[in-house]
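**Student:** Given chain A's structure and the hints, the job is docking chain B onto it.
2 protein chains.
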Amino acid sequence: MKLPEAGLPAALSRLSECFASLPGVGSKSARRMAFHILNISDERAAEFAEAILGAKRDIHTCRICGNLSDGDLCVICASDRRDGSKICVVETAVDLLSIERTREYAGLYHVLGGVISPLRRITPDDLNIQPLVKRISAGGNGENSAINEVIMATNPGAEGEATAMYLSRLIRPFGVRVTRLAYGIPVGGNVEFSDNATLYRALEGRVEVE
Amino acid sequence: MKLPEAGLPAALSRLSECFASLPGVGSKSARRMAFHILNISDERAAEFAEAILGAKRDIHTCRICGNLSDGDLCVICASDRRDGSKICVVETAVDLLSIERTREYAGLYHVLGGVISPLRRITPDDLNIQPLVKRISAGGNGENSAINEVIMATNPGAEGEATAMYLSRLIRPFGVRVTRLAYGIPVGGNVEFSDNATLYRALEGRVEVE
Chain A
1 MKLPEAGLPA
11 ALSRLSECFA
21 SLPGVGSKSA
31 RRMAFHILNI
41 SDERAAEFAE
51 AILGAKRDIH
61 TCRICGNLSD
71 GDLCVICASD
81 RRDGSKICVV
91 ETAVDLLSIE
101 RTREYAGLYH
111 VLGGVISPLR
121 RITPDDLNIQ
131 PLVKRISAGG
141 NGENSAINEV
151 IMATNPGAEG
161 EATAMYLSRL
171 IRPFGVRVTR
181 LAYGIPVGGN
191 VEFSDNATLY
201 RALEGRVEVE
Chain B
1 MKLPEAGLPA
11 ALSRLSECFA
21 SLPGVGSKSA
31 RRMAFHILNI
41 SDERAAEFAE
51 AILGAKRDIH
61 TCRICGNLSD
71 GDLCVICASD
81 RRDGSKICVV
91 ETAVDLLSIE
101 RTREYAGLYH
111 VLGGVISPLR
121 RITPDDLNIQ
131 PLVKRISAGG
141 NGENSAINEV
151 IMATNPGAEG
161 EATAMYLSRL
171 IRPFGVRVTR
181 LAYGIPVGGN
191 VEFSDNATLY
201 RALEGRVEVE
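Here the protein sequences come in this chain order: A and B.
Note that my numbering gives residue 53 to position 53 of the first sequence, counting from 1, and the numbers run on in steps of one.
Note that my numbering gives residue 163 to position 163 of the second sequence, counting from 1, and the numbers run on in steps of one.
Watch out, some of these pointers could steer you wrong.
One copy or two, either will do: identical chains are not told apart, so a pair holds if it fits within one copy or between any two.
Result set (EDC-like, lysine to aspartate or glutamate): computed pairs, CA atoms no more than 20 Å apart in a straight line [claimed, not checked]:
hint: 1; residue 1: 28; residue 2: 95
hint: 2; residue 1: 56; residue 2: 70
hint: 3; residue 1: 56; residue 2: 72
hint: 4; residue 1: 28; residue 2: 91
hint: 5; residue 1: 28; residue 2: 161
hint: 6; residue 1: 134; residue 2: 58
hint: 7; residue 1: 56; residue 2: 208
hint: 8; residue 1: 134; residue 2: 149
hint: 9; residue 1: 28; residue 2: 100
hint: 10; residue 1: 134; residue 2: 91
hint: 11; residue 1: 134; residue 2: 83
hint: 12; residue 1: 134; residue 2: 72
hint: 13; residue 1: 56; residue 2: 192
By construction, these hints were calculated from the structure, which means they are not laboratory data.
Only chain A is shown next, with the shape it has when bound in the complex (with noise of 0.2 Å):
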């Protein structure tokens, strides 16, 4: 006797394969998270089908930055308490925010949209390069606050680095400095599970003891 396939109903598969392609989540976490849905009430459900909805009508990139945003400026920009006269060059609005939880960095940001690869085919015209260049020809957000610094933040690895570095020769002809993230062995890491390039960069970047 043949049994017949006694699958997921289809729209119960059609949430499973929805929650299945999502970043980092397999088959089995998909399906699971489909029998959830199931068990909350319509109305947490429909706010759920809203908040998507919602999130992919109201977010848009702030005009000055790149930066995700509500509204026409992203709350950075729009801020009166931030230092204008730094600008951190980050590759998407995730890592913005990871700088932002240290609380160390008060200046403003500029957000690529990625990095330059020749593999992938991604030209600085693929990405929001030109606005940052007119930004610092410009002078800043306001009329008087001059950026005197751009501090690369993208990320160590190939093409972040090659990124960093052409930004770096577009920028400085206008008189900033131009500066990266340090690089080194991260705090809680230790010597000996260090790979080589880490070890290389901590120990060209070594600082005299205080």
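**Tutor:** Below, chain B without anything else, positioned relative to chain A:
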């Protein structure tokens, strides 16, 4: 200078919270999923939202067995290729799917919707038990398919076993055979790392080597 908390835009943090409410999703993964939604097409996002609403709207429980279904009957109860003389009693529709995947079982199912739990104040009346008794006393789905075996596949544990015991006392008077899944060392597991309860059950349930 006190920094303003540069969090996510409201629409994005709402979406993040929705994802974080799913089982097994932490706040970091939830944020990553929310960012992912921003990067998919509007069509895909609309499909996702509709999949959530559609699952809530279309998925009901099967009138006979309590399995999930998008019609009046689930695919198993609606099939004429299942062995109508056996009913396998499971706690949830997910358990049913797990047993289906073995492709070993051709009978019918009955989904309890949980287990009896005095601690969590779940009584037999809260579960899909009366319809099971009715199915058995009425002699199965069809006219000519008297049920002769009910297999308890509740989870091994105090509540699952107590529920199986309760059902067994309820069902046996109808003259059907009541069995339960075998307990023992899982395939691929090993004796050294098996817990006491499992080893005890494996010893107790030992079978003749053929």
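**Student:** Now tell me, hint by hint, if it's right for this structure.
**Tutor:** Structure-based check of each hint:
1. Proximity of residue 28 to residue 95 under the C-alpha cut-off of 20 Å is restricted to the inter-copy arrangement: shortest distance 13 Å between copies versus 29 Å within a copy.
2. Taking CA atoms no more than 20 Å apart as the test, residue 56 paired with residue 70 passes inside one copy only; the shortest distance there is 10 Å, against 29 Å between copies.
3. In this homomeric assembly, residue 56 and residue 72 come within 20 Å of each other (Cα to Cα) only inside a single copy, at 15 Å, whereas the closest approach across copies is 36 Å.
4. Taking the shortest alpha-carbon separations for residue 28 and residue 91, only the inter-copy value of 18 Å comes in at or below 20 Å, while the best intra-copy value is 32 Å.
5. Within a single copy, residue 28 and residue 161 get their C-alpha atoms no closer than 38 Å, and across copies no closer than 26 Å, so neither meets the 20 Å cut-off.
6. Neither within a single protomer nor between protomers do residue 134 and residue 58 lie at most 20 Å apart by alpha-carbon distance, with minima of 26 Å and 53 Å respectively.
7. In this homomeric assembly, residue 56 and residue 208 never come within 20 Å of each other (Cα to Cα): the closest approach is 49 Å inside a single copy and 63 Å across copies.
8. In this assembly of identical chains, the alpha carbons of residue 134 and residue 149 lie at most 20 Å apart only when taken from the same copy (15 Å versus 78 Å across copies).
9. In this assembly of identical chains, residue 28 and residue 100 lie within 20 Å of each other by CA distance solely across copies; the values are 15 Å between and 34 Å within a copy.
10. Taking the shortest alpha-carbon separations for residue 134 and residue 91, only the intra-copy value of 18 Å comes in at or below 20 Å, while the best inter-copy value is 63 Å.
11. In this assembly of identical chains, the alpha carbons of residue 134 and residue 83 lie at most 20 Å apart only when taken from the same copy (18 Å versus 74 Å across copies).
12. For a Cα distance limit of 20 Å, the shortest separation of residue 134 from residue 72 inside one copy, 18 Å, qualifies, whereas the shortest one across copies, 63 Å, does not.
13. When the C-alpha separation of residue 56 and residue 192 is checked against a cutoff of 20 Å, the pair qualifies neither within a copy, at 45 Å, nor between copies, at 53 Å.
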